[in-house]
Structures are given as structure tokens and as C-alpha cells.
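Peer 1: Sequence:
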Amino acid sequence: MASFVGTYMEREAQDLLVENMSKNLADADEYPALMDIHARCISMIANMWHPQPGEHPIGTATTGSSEAIQLGGLAMKRRWQEKRKAEGKDASKPNIIMGANAQVALLKFARYFDVEARILDVCEESHYRLDPKEVKKNVDENTIGIFVILGSTYTGHYEPVEEISNILDEVEKEHGWDIPIHVDGASGGFIAPFTHAGAGGPKWDFNLPRVHSINVSGHKFGLVYVGLGWVIWRDRQYLPKDLIFQLHYLGGTEESFALNFSRPGLQVIGQYYNIIRLGFDGYREVMENCLRNARLLSKALERTGWYVCVSDIHRKKGEYEFRGVGGVQPYHEGETSADYNEGLPVVAFRFSDQFKNDFPDVKQESISLLLRAKQYIIPITERVMASEPIDLAALQGKPTSLARRQGKPEAKPLKKVTRAKAGEGTHHPMAKGGHRSVC
3 MASFVGTYME
13 REAQDLLVEN
23 MSKNLADADE
33 YPALMDIHAR
43 CISMIANMWH
53 PQPGEHPIGT
63 ATTGSSEAIQ
73 LGGLAMKRRW
83 QEKRKAEGKD
93 ASKPNIIMGA
103 NAQVALLKFA
113 RYFDVEARIL
123 DVCEESHYRL
133 DPKEVKKNVD
143 ENTIGIFVIL
153 GSTYTGHYEP
163 VEEISNILDE
173 VEKEHGWDIP
183 IHVDGASGGF
193 IAPFTHAGAG
203 GPKWDFNLPR
213 VHSINVSGHK
223 FGLVYVGLGW
233 VIWRDRQYLP
243 KDLIFQLHYL
253 GGTEESFALN
263 FSRPGLQVIG
273 QYYNIIRLGF
283 DGYREVMENC
293 LRNARLLSKA
303 LERTGWYVCV
313 SDIHRKKGEY
323 EFRGVGGVQP
333 YHEGETSADY
343 NEGLPVVAFR
353 FSDQFKNDFP
363 DVKQESISLL
373 LRAKQYIIPI
383 TERVMASEPI
393 DLAALQGKPT
403 SLARRQGKPE
413 AKPLKKVTRA
423 KAGEGTHHPM
433 AKGGHRSVC
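If you read the sequence shown in our numbering, its first letter stands for residue 3, the second for the next number, and so on.
Quick caveat, the hints were computed from the structure, so don't treat them as lab data.
Among the clues, some could well be false.
[What the hints assert, rightly or not] Once the Cα atoms are required to be at most 25 Å apart in a straight line, the calculated DSS-like pairs of lysine-lysine come out as: (1) K85 - K25; (2) K85 - K138; (3) K318 - K365; (4) K135 - K243; (5) K205 - K95; (6) K91 - K205; (7) K175 - K95; (8) K87 - K205.
[To be verified] Pairwise CB distance ranges (calculated): (9) D283 - Y333: 18 to 24 Å; (10) P381 - D341: 25 to 31 Å; (11) Y333 - D31: 34 to 40 Å; (12) N49 - P332: 24 to 30 Å; (13) K205 - G328: 35 to 41 Å; (14) D360 - S264: 56 to 62 Å; (15) N49 - L372: 43 to 49 Å; (16) K243 - V106: 47 to 53 Å; (17) E32 - P332: 54 to 60 Å; (18) S45 - E21: 20 to 26 Å; (19) E89 - Q331: 39 to 45 Å; (20) P381 - S45: 45 to 51 Å; (21) D92 - Q331: 54 to 60 Å.
Note that the Cβ used here is the ideal one computed from N, Cα and C, for glycine as well.
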């Protein structure tokens, strides 16, 4: 229940993936149709993020957002180095800004590529995300860029891309430092373009000139099986030329700027299938349904009086405080995500203060372990805030089949249930994993 990775695709999509399991995404001469599909996916995804007239987006499929983030960060670092060297300045001490809620892939970039990670505290006041007020205090001439997260792994909150961009505009006016933004849209990149709530503000993507690149996971809310990410730059000028390699040994001339080379192309085909199959309206239906499910669960948890949600997607737009069991708003016919705070369909919650006072010996870890025994995996995460640690449990709202989303019963063959005799082996319905049984 805590997985951000897709575990369901339609039967026709699965058949298509199996048929193309042997196709190599790196070999354009051998599989030209696959490369055309790859190019179409790049074009359609880039178009979701509003490139500006005259710009020519460029991008690539990756094995996930982890690889995509490395590429986005590398491009910012290399452009910063080139500019510093052209000005005759020292280029040996790069740093990058991110919030303490950053996913491990962002930290990997800093460690693997020798960039100082300036990790800014998050707190309840900043909604457990990067605090824009801290950005201006921590940037300097060596800042290669800022990782802004569109959908925190821990609480689902979107970071305010436009507000941070405006602050960086002020910094450039005062100091002359042109600091770009890479948006980590691993989850939110496929949610914000489709939901009525959007990203909470009118701009978060290539509508903002300071956003140079965006990544997204196809295997999350792109609804493809694991092993697919995307990174796109708003224009070719933002991808340094020395990160692009020309290859000739597969028969023709190819360009490569991913960290991996040979890999199956089936996930790219799966992404193309979903985009064509669902279209804008289909993706909107899926994402709105995920958010409705997450809101329902959030409200149900808070109505028990035992839990308080740290995520805010179930609260009316602009409200961020738990107002007691009596303050939980009921569902109203016709409402959409636009009536609530924007964010991922994530339910992050903790024990209420009243519960901790009444049952001080009960730990959240114990609840998590008991649920794990029933094949419900709900992680406990201790996030270190600026003030004090807070234990969170997180659930992930997941897409279901079209039949379920439309309220239609799915046709399944009836199973004959028999009672096992003494001495015979029995098979628990979740013995091979809980995904199918739970969902």
C-alpha cells in the first residue's frame, strides 16, 4: 500500500509488452519504429509541460527518475562550470539546494558527482516541504541550481515552484547569479497536468523560464510497469554538448545522453500505449479517482480520533490544520480536486495527541509490523523537522482497472472453495504476494 510503482496494466498492454520484450531501445537501426515511438513520447510529454514558442524540447527515456535526476543535475553542473571557466572564476566548489524531504536519488546526485548538498530544514509551517524563505539565505555564486520537488515522497506536498522561481529572480537582480531549477516531478509530473487542482499555482513547468528541465517516472503515475523514467530539457541549449555522445558502431549514427545504453524498449511501448489509450480525459479520470480515494481514506482515519493526517489533500483549499473529529468535512456531490489542497494521492498520518496520551505505550512501529503480517506494507518514517522529529506512516493511492474506476464488475471465473484435509498443504491467498489480493 506504500508503493509508488505501477503494478497493473490492461491485458492488451501486457500482451504488447511481452511481444516486444526483446527489442533494444539503444539500437535505432534495428528497431526504427521503436525509436519513432520514443520520439513521440518525448514530444507528447514535453507538450504537457508547456514549452514556449521557438523552443525545441529534447529528452530521453531512462530506467527511472533516479537516472533522470542524475542527468538533470549533471546538465546544471556542466553549464555552471562552463560559465565559471569562461569568466575566469573558480569552478571547484559547486553546491545544490534541496529540502530535507528530498528523495534519496537527489542525494545520490550530490554524492556521486561531487556537489555539496545544501539541505534545508522543513517544518510544519512550510508544510513539510522546501521553505522558500530559506532559499535566498542559502544560495551563492557556486549554486548550480535547485531541486524543486513536485510531490514529496513523505507527505505528497508540492513544493511552490513559481514562488521559488520569483525569489531566484530577485537574487539575480541583486547579485547577478542566474540559478536554474530542475523540477523533480517523479510522481507529480503525471498528476498536475491532468487534475483540476493542478500544482496549486498557475505555473510550475516550462511556463517558468527558470525551469530548465523536468523528470517524471513513467512507472509511477505514467501507469507503466517498473523500469521507466523520462527527463526533458525545455530546449537543446540547456543540455550541454559534451554530455551528448555520437555512436557509430550499431550501423548508423546515433546520439546518446543517458547513463545506460542497451536496455529493453518494452516500457516505452507501454507508455505510448497508455497515452494513446487513455488520452487527456482518461488520465484525468485516473488521477482524480486516485485523489478521491486518498481523500476518503484520510477523512476516515481522522474520524476515528486516533490519527491525524500530515498530508493535506483532504482539506479544503487553503486549510492546513486538523480541526478535530467534528471538523472533518463530508463529501459533496460534484466536488473535484480543485476544491482541496493540491498534492499527490498520498495519505501520511500519525497518532493523534489524544491517542498518545491515552495509550502512551503503543508505538506506531507495532501497528506497522502487525499490518505487515497481513501483507499490508505501511512504512514508518521519522522525518527530522526544524523543531522536533515526527513519526509518519504513509499510504499510496493507486490506480485500478478501467472497469473498477467506472463502477463495473470485473468478469472473473468462479473458484471452487474446498476445505483442506488434515495433512494436506494449504495455500494462503497472499502466499505469492499481497498486491492482487489487497487491491
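Peer 1: For K85 and K25, compute the direct alpha-carbon distance and say whether it is at most 25 Å.
Peer 2: 40 Å, violated
Peer 1: Going straight from one Cα to the other, do K85 and K138 come out at no more than 25 Å?
Peer 2: 21 Å, holds
Peer 1: Is 34 to 40 Å respected by the C-beta to C-beta distance linking Y333 and D31?
Peer 2: 55 Å, violated
Peer 1: Below or equal to 25 Å on CA atoms is what counts here, so check K205 against K95.
Peer 2: 31 Å, violated
Peer 1: May I ask you to test the hint 43 to 49 Å on the CB atoms belonging to N49 and L372?
Peer 2: Holds: the Cβ-Cβ distance is about 47 Å, inside 43 to 49 Å.
Peer 1: Using the beta carbons of K205 and G328, state whether their distance is inside 35 to 41 Å or not.
Peer 2: 37 Å, holds
Peer 1: CB of D92 to CB of Q331, is that within 54 to 60 Å?
Peer 2: Distance hint for D92, Q331 holds at roughly 55 Å.
Peer 1: Measure nothing beyond the straight line between the CA atoms of K318 and K365; if it is 25 Å or shorter, mark the hint as holding.
Peer 2: The hint is violated at about 30 Å.
Peer 1: Quick one: are K243 and V106 within 47 to 53 Å, going by C-beta?
Peer 2: 30 Å, violated
Peer 1: Is 56 to 62 Å a correct range for the gap between the Cβ atoms of D360 and S264?
Peer 2: 58 Å, holds
Peer 1: Given the proposed pairing of K91 with K205, does the C-alpha separation stay at or below 25 Å?
Peer 2: 34 Å, violated
Peer 1: Taken at face value, is the distance from the CA of K243 to the CA of K135 at most 25 Å?
Peer 2: 35 Å, violated
Checked against the numbered hints given earlier, this structure breaks hints 1, 3, 4, 5, 6, 8, 11, 12, 16, 19 and 20; the rest are met.
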